[in-house]
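Novice: Just need the whole structure built from these sequences, with the hints factored in.
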Amino acid sequence: MQRIRKFFKNKTFVFPVILFVVVILTNFALQYTNLGPEKFEKRYMFLLDNNIRGFLPLILLAIAQAIVLINGSIDLSIGNLMGVVAAFLVTQYTVDDSIGRFLQVFAMAIGIGVMAGALNGIFVSLVRIPPFITTYATSFVFSGIAMWILPRPGGNMPEIVTTFYRKTLPLGLPMGIWIILIIMLLWLMFKNTRFGAHMYAIGGNEKAAFTSGVSVIRHRISVHMIAGAIAAFAALALVLITGSSDSRIGGTMTLDSVVAVVLGGTPMSGGIGGAVGPIFGVMTLGFIRNIVGFANVDTWVQPLVDALIILLSLASPSFIKLIAKQVRK
Amino acid sequence: MAQNLTSIDIVKHFAGVTALSNGCLTANSGEVTALMGANGSGKSTLCKIITGVVAPDEGQLLLNGNLITVSSPVEALRSGIAAVYQELSLVPSLTIAQNIWLTREPMNGIFVKYREQRKMTQELLDLFSDTVHTSFSPDTLVSELPPDEKQIVEILKAISTNPGIMILDEATSSLDSRQVDRLFKLIDEWKKQDKAIIFISHRMSEVFRIADRITVLRNGQTVGDFESKKVKEKDLINLMVEKTKNRLEQKDTIISKQFKETVLKVTNLRTQLLQGINFSVKKGELLGIAGLQGQGQSDILHSIFGSIRFSGKIELDGKDHKFKHTSQSMAKGIALVPGDRAKEGLLMRLSILENIILPSWMKYGFPLNSGKAKKDAAKTSKSLKIIMAALNMPVSSLSGGNAQKVVLGKWLQRKPRVLLLNDPTKGVDVGTKKEFYSLLKELCATGTSILFFSSDDEELVGLCDRVLVMRDGKIRKELPKSELTLTNLISASVTSNEELSRATN
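Chains R and C, in that order, give the protein sequences.
FYI, the numbering used here numbers position 104 of the first sequence as 104, with every residue one higher than the one before it.
FYI, the numbering used here numbers position 108 of the second sequence as 437, with every residue one higher than the one before it.
It cannot be assumed that every hint is accurate.
Lysine-lysine pairs mimicking DSS-like chemistry, simulated, CA-CA at most 25 Å apart [as the list claims (entries may be wrong)]:
#1 C/653 x R/321
#2 R/191 x C/442
#3 R/191 x C/448
Hints listed in this document are in silico derivations from the structure and should not be mistaken for laboratory results.
Specialist: Dropping the structure here:
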């Protein structure tokens, strides 16, 4: 018992994983009963693939949000930044839609993400405006730019790229799962760099980190820049689903990214957490919404029901702790 | 390598208050230099200047004969000066290993070599083996450690930089005797390695055990530099106490007053800091609480006021009270004037009027009888001589002394029976202080009982009817009016228990 408790201690993602397993089982049970055994067997891989591909933009955004939160900052502009990059990505292929052009466009897109992140970072750590305010303000700037680039939903992507993304199943597993595995691997490497270690130190106690010689300002600007770059990848994942974009889509996804991070066990206070939790957080969030969709509730109560479930999931670790405390007494 | 650090005539002002006016200190390699002084004599400021935490206004720092400027802790480290800070510089959410090697991680390309870091940490932890709990491993989170082990990590972090000059600022204050023994053994080794050590401690016995030389500071000035073998404890205490006459006039209060009625009685009060406190306050008495900073003085006041958790008995007029919320103690006529006025005492953006009536707004009913409130506030501010443009000006427009008067005024408005003062004269100018003292005397004459904690030992001596001297969460000595002198007070707060009992017997 002691050993079990010791293992679970400091593992912020334990509860999120349990929640995730419950949610995903319910989800597939519902899909199974809805489709019937035969149809389900034929289509489950396709369903999983579709689901994960749908979650991928938010997964990337949540990871960007997680590293900013671990660093002790917050980025409320991340969704709209993704909107800007997405709008840019789908409006560049009027003449040439070759692979080469696509790669060129995507490189520029990452540049846009990094620059926007640098803007946030400079205002937050050099000019010292609280991150909550700075990024809330820049979120409107980004949203305006996105509307300017792409006033109406639409745009197009090179067909070779979208087909490749949708139809390839390396080793029989959906593309989305591979991408998630790659992300986890990259995260593991990132965490073990000096930069990663200092990210946690600054989020844990900025003053102590400074006294120990960490260059807090430079580091925080870099973290916002990395978050911007990840947002560019999120934009790519988003436009590849449909081959088009909508400038309004980013706004709602910002708060979703924060919820997913917290649902994944990374607190907003900084200094602890990781990127694996948020991945599960996003999938949990997505599957909860799926389940509510299956449950045949009226459309207008859907947001209410899924908000209640999310609130309950967020609160349950604290509830469990409270109950455990009472029992021990 | 021989190391020699000299600071010459360091001057530092903080917002008009002179913290250091002539800070001289020499530390030689292979020697332990102890830095001593009473509260607010400038020891910590001098250390902070040497380690680059604060910048000096004037003066020079010489390292091995060369003039140096240290503008940040990192630069100090580069010149081989490491400090164990009094306020901890650890990141609670990181492990011991990560904290010790922060910014100096062993690297393998771009990756941190965690295994090696762990091994290096274990070697450091072994220096303190057997004096700590078994859970003290490189992977333990700092947030899970008790204060003494945090302090040890802080010491190890300084050691890991292999400095030429090591500053220990109150590093022993949270360690137990075995840990102190171990630290002293390490210090002996450092001396052999030709390191220079600056040791700051309030514990006289420790200073005499470890120090080769003793430098004494008083009111921001270096007033003495001795070889520890050639100096006596009594002489040091005399030197720490200012010889000039007390600025407060004592003549009218020399005769001990007689108090009868016990108002407040505290029995076996315990908190995290307090280890069983017993005392009582009589009606109209001005009882002082003295001692070095952080010995649990504030905890006594906050326990009585009901703003922290405690165990023990607090009786008011012979009735047992355990206040769980400040509103309960306020209803019984207790008021607390907090120490940090910006944080706990005032709503800086709101007006003087709003601040004054804040604790007693219920009196003015609903809807607020603003006419009466204004009249009462005007009366209070007049009697306190608050210098202001108008009652509706924000408190942030006032000077420190006047702002403190507002804090006092807001509680006097409630006409308290027991007034708790938590270091109220910190950063207050001399003129205001004088007014403040006469006000306290007036209050006592009308029957208010006052419990007065101050870090200014002089004002306690000049003002109080009786003073309790605290050390390590206990009352070490009670000084009645007849024995109340500055020398007795400081001697009681710095002398260790054994010496104290020897001296009194």
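Novice: Each hint: holds or not?
Specialist: Checked hints:
1. C/653 x R/321: Since the Cα atoms of residue 653 of chain C and residue 321 of chain R sit roughly 24 Å apart, the hinted pair holds (cutoff 25 Å).
2. R/191 x C/442: holds (12 Å)
3. R/191 x C/448: holds (20 Å)
Every hint, counting from the list given before, is met by this structure.
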